[in-house]
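Take the two lone chains, each set in its own frame, and fit them into one complex as the hints suggest.
Next come the chains, spelled out residue by residue.
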Amino acid sequence: MDKWNTGPITYDEKSRRMADEMVQAEARHFARRSAKDIDCDCKDGMFPRASFADRRTFLFAAGSLTFAAPALAQTAKTPPGAIQFPVPDDPTKEQGRPVAADGGYGSRSQFETEVRVRFPTANENTSWSFTPLDKMLGNTTASGLHFERHHGGIPTIDPAKHVLFVHGMVNGPRKFTMADIKRYPSVTRKHFIECSGNGLTEWNKPTLKTVQGTHGLLSTSEWTGVQFATIAREVGLKDGGSWVLAEGADAAVMTRSIPMEKMLKDAILAYGQNGEAIRPEQGYPLRLLLPGYEGNTHIKWLRRLEVSDKPFMTREETSKYTDLLANGKARQFSMDMEAKSVITFPSGDMKLPGPGFYSVTGLAWSGRGRVQSVDVSVDAGKTWVPARIDSVPDPICTVRFSLPWVWDGKAAVLQSRCTDETGYIQPSLAQLIAIRGSNGPFGSIYHLNAIQSWGVAEDGSVTNVHA
Amino acid sequence: MFTHRFSLAALVSALVFVHPGSAQVVRYGFGTPATPDELAKFFSIPPDGRGLPSGSGNAKKGAELYALACAACHGEKLEGNPAKGIGGDKLLGGRGSLATKTPVKTVESYWPYATTLFDYIKRAMPFNAPGSLSDDDIYSIVAYILSEAKIIKPTETMDAKTLPAVTMPNKDGFVPDPRPEVELYR
Chain G
0 MDKWNTGPIT YDEKSRRMAD EMVQAEARHF ARRSAKDIDC DCKDGMFPRA SFADRRTFLF
60 AAGSLTFAAP ALAQTAKTPP GAIQFPVPDD PTKEQGRPVA ADGGYGSRSQ FETEVRVRFP
120 TANENTSWSF TPLDKMLGNT TASGLHFERH HGGIPTIDPA KHVLFVHGMV NGPRKFTMAD
180 IKRYPSVTRK HFIECSGNGL TEWNKPTLKT VQGTHGLLST SEWTGVQFAT IAREVGLKDG
240 GSWVLAEGAD AAVMTRSIPM EKMLKDAILA YGQNGEAIRP EQGYPLRLLL PGYEGNTHIK
300 WLRRLEVSDK PFMTREETSK YTDLLANGKA RQFSMDMEAK SVITFPSGDM KLPGPGFYSV
360 TGLAWSGRGR VQSVDVSVDA GKTWVPARID SVPDPICTVR FSLPWVWDGK AAVLQSRCTD
420 ETGYIQPSLA QLIAIRGSNG PFGSIYHLNA IQSWGVAEDG SVTNVHA
Chain D
0 MFTHRFSLAA LVSALVFVHP GSAQVVRYGF GTPATPDELA KFFSIPPDGR GLPSGSGNAK
60 KGAELYALAC AACHGEKLEG NPAKGIGGDK LLGGRGSLAT KTPVKTVESY WPYATTLFDY
120 IKRAMPFNAP GSLSDDDIYS IVAYILSEAK IIKPTETMDA KTLPAVTMPN KDGFVPDPRP
180 EVELYR
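These protein sequence lines map, in sequence, to chains G and D.
Quick note, in numbering that gives the first Met the number 0, the first sequence goes up one by one and the last residue is 466.
Quick note, in numbering that gives the first Met the number 0, the second sequence goes up one by one and the last residue is 185.
Keep in mind that the hints are not guaranteed to be accurate.
[Unchecked claim] A partial selection of chain G residues facing chain D, derived with a Cβ cut-off under 10 Å:
1. E123
2. H150
3. I180
4. P310
5. K319
6. A325
7. L431
[Claimed, not checked] Each computed BS3-like pair below joins lysine-lysine, with the alpha-carbon atoms no more than 27 Å apart:
8. K170/D x K309/G
9. K204/G x K100/D
10. K76/D x K319/G
11. K170/D x K328/G
12. K204/G x K350/G
13. K208/G x K83/D
14. K204/G x K76/D
Don't read these hints as lab results, they were simulated from the structure.
Treat the numbers as computed from the prediction; the structure is a model and nothing was measured.
For each residue, glycine too, the CB sits at the ideal point set by N, CA and C.
If we strip away everything but chain D, and leave its shape as in the complex, we get (with noise of 0.2 Å):
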């Protein structure tokens, strides 16, 4: 069934969509290129650090700006919030509990990139005003996470050359999906 569906297709290409004497394949045509400036508004940040922006930031800073736009729901010690209507994540803590009855899952604990949380505030916190953080502020409130959880130092600063440079504890505790299981076959 596949094989005909694919066979087919390939010939209705070969016919229709490629000029005689040519290799330019003729595409539809439709939509239209995208430019730099239209894309730089885009960011996804990959564990190197690609496209990290410009910008820098310390726990100091980081502090401030978390008591203002993160502690609401993430606690006041980083503790999580489980209230109603708010429900934030614990970001410390759980670090040697991951192969435990109770494992705790955390930054601290589970997190295998730091350019994971610089990314994810990016994109999405605070959760009541999303994208609204300068890329100074994001540095600044990643650098006292990482502070708090003892994985970098109180004094270091965050930038694009050292936020891809830090180690999480949990960075080699991830294992790709061994799937199928092949006891379960018939």
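Only chain G is shown next, with the shape it has when bound in the complex (with noise of 0.2 Å):
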């Protein structure tokens, strides 16, 4: 295993092209908010709600026509998913909105800005954007910020005219319209979803800044659909059925290929997200969920069930998701995602104000069952001391973990490391390494899952660092 781990790593040429290419797009995001919001001690992000970032629209809001600026007018617009109304001197003082006058469906605050941001691949139909993870509160994805990865755009399909196709090696082949499905026994659970290609560009060196950059492929909703167990008794499955393709109805029609017994065992046909019908970018009317798989397998738009003896080794089990080690062999259906975790605050690009308190946070998270302790380390992993778990573990889910740190003023960094029920620990990128290769990463890219490591610096500042 010694002569994979020679000499420092490198990219393939794709790889590298793609990493760059985010780096100049992460700058071209810091480069869109004012100078103010910069250079100002209190940069936005340094506390997970934006709180400073919109005063200028606060003020331009408010009908103050001095501030009208042209560049004023720029941070003025509306954020997305969001309405501008005027801002009252005093909201005592004057009748507020009419009951119901949004007709019915709710948007956010004005004032909250917070947006995923795409992966600038060439073609943007083919593409990635990532939850603003440092901006997150609590452990629950808002719907509109869970991270996407679309390989053929955003299809848009009339759920009276969606079906799904249940056949092979079953008894009975049928098809079901949306309004069968929701007709049977559903089940609600609260999972992760996160791309194998999360954090690809961290292999080699620190390249993006923020966490939404290194870790923002991972998102958590609550999943209301119909267990493909339950779909299973009802065609009948033959002797021999061990695998199932599941394609979706997108310009892609993606294809994967997914064990039966993991099929069985948690599957779910998932309608709802959250409380609601689930968003068009996470497979309206229907995807496939597949708790602790990498997304990929997690089909969207779900059209069509193949039961088989065999996979059908698809372009994206063959030649995508598959990692290449250095010893020029890939590894091939690595579906878990390993137990992982990451420090949401304070986070890369943010500022600490000075010494003193501050409730560090974070995320962890793993494929293969529930988080059962996250540790935290401010000294580079020297000495690590048990987080506090601040949500309920729930299996395949995330956990919100905090820990009280009174910061000295000194040079610090800050890592955190998840254990999960398996007894599994997430591992430093030098273990992974000393595993995978040190080429081999740059073949794959996928399931990055090392510890985290931010830098802060005396005057507060924090970056991300690889220690």
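What follows is the structure, given as structure tokens:
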């Protein structure tokens, strides 16, 4: 195994290009923020809530015409998902908006600006966008901020015309309308989904600045739907049916082969997300949910399940989502997302205003079960202390953790380490590379679950570091 | 917890969904039978070629079709095109590079099965008009790519019989996922 680990890690041409482009895109994202936000001691993002970014929006919206310079008009742009309303000087002295004047579906506050950021792949239809984990509160991702990965854009599908076919090695091939599917007994479970490419830029050196870039292909929702096992009973499985092909109704007609054992264990045909229909970007009207499996297998816009005795060896499960090792062989059907965690506050590109108390907080998760414990280090892993688990651990779901920390003003390196209920401990990057090989990751890029380090400098600035 | 849930489910199904005195399990009965006609439009081609359509093609015809339907994104010499708005993968080259510091993953160097190429082109290509090529066209384009990759001879015809018999250079390049890695356990 030693021969795998000689010399520095190198990117293949495509990975290097993608990483370079993401660095540029992140720089453009920063440039769009106003100079005031960036230069201010209290940078946007210092606290999980973006409470500083919108002062000009407030002033502009309040009708202060003196501020209506072109640059200002730009910053007053309504954030996506919000509606711009005039801001009264004193909301206790005039009536607010009438009840249900929004047509019966709410919008977020005009002062909340967090958005997903797209990875700048050359083609916008086959691309991905990151959840702003640094701004995320609690342990559920807002549906509109759930990360995306599409290979042929987002289709618009009329649920009245959508049909799921279940066929292959079954006793009776059957088709189901959405109305049919919703008649079955349902389950509601909270699970994370993580793209196996999460962190692909970070193998070689600290590359992206924020936790949105390094870990944002992770989101958590409450999902509602029918268990595949229920449908399997309805159609009757033939002996020897050991794989199921899932196919999407998008322009990529995405397909993955899933082991029957997994399908029968906990696969959900999901039509609900966080209490309402799943979003179009998440597979409306129906998606496959495979708790703990890599995101690509959770086929969106699900239209077909074909039972087979063998995997189909689709493009995604041969040429793409496989993990090339340094000896030239590639791991295939590497489905499980292993235990992982990340500190979201403080995290990259934030700035602590000075020594004193901070509540360090983050997320931990495992595709193999519940999170058992999370440890935090403020000295680059020399010593660890157990973090408090702030949410009740569900199987194959994120938990929010926190640790009270009094910063003495000296340089520090913050890390978190997840242990799941199987006893698996989140590895360091060096441990992971010792197993995977030093050129393997750039053949593969996937399944980086190493401990993340954030460096805190004496001036309070927080940066992505390898420690 | 799980044991309890499963035993409860078993109890419910035993009480409610089985006719007394009959082994026949009563289904919910939702959904409707899918007919062969309805299923005929679907395909997913495994390495043994099951489900490959009739028709055939060769590299000569494939070269013409490639120039029209594929070259804009994948390059006139199948070298790929990283330009903004395009981003087509490189299809050729990289043979022997997988165990080096700069692995190049292409159809030629990495893809283990020729059937996957047919399936993927029929499924999702060309990017601007997915699913628009005839089966003959797809066999031809597959023949052209495999021929340019020097995996088949330029004169070979690709059809439902010959395509699954093509041996890809990296057919033995994949291993099952060996995880979990025991050294990472407490």
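Quick rundown of the hints versus the structure:
no., hint, verdict
1, E123, "holds, 8 Å"
2, H150, "holds, 8 Å"
3, I180, "holds, 8 Å"
4, P310, "holds, 7 Å"
5, K319, "holds, 9 Å"
6, A325, "holds, 7 Å"
7, L431, "holds, 9 Å"
8, K170/D x K309/G, "holds, 16 Å"
9, K204/G x K100/D, "holds, 16 Å"
10, K76/D x K319/G, "holds, 22 Å"
11, K170/D x K328/G, "holds, 10 Å"
12, K204/G x K350/G, "holds, 22 Å"
13, K208/G x K83/D, "holds, 24 Å"
14, K204/G x K76/D, "violated, 34 Å"
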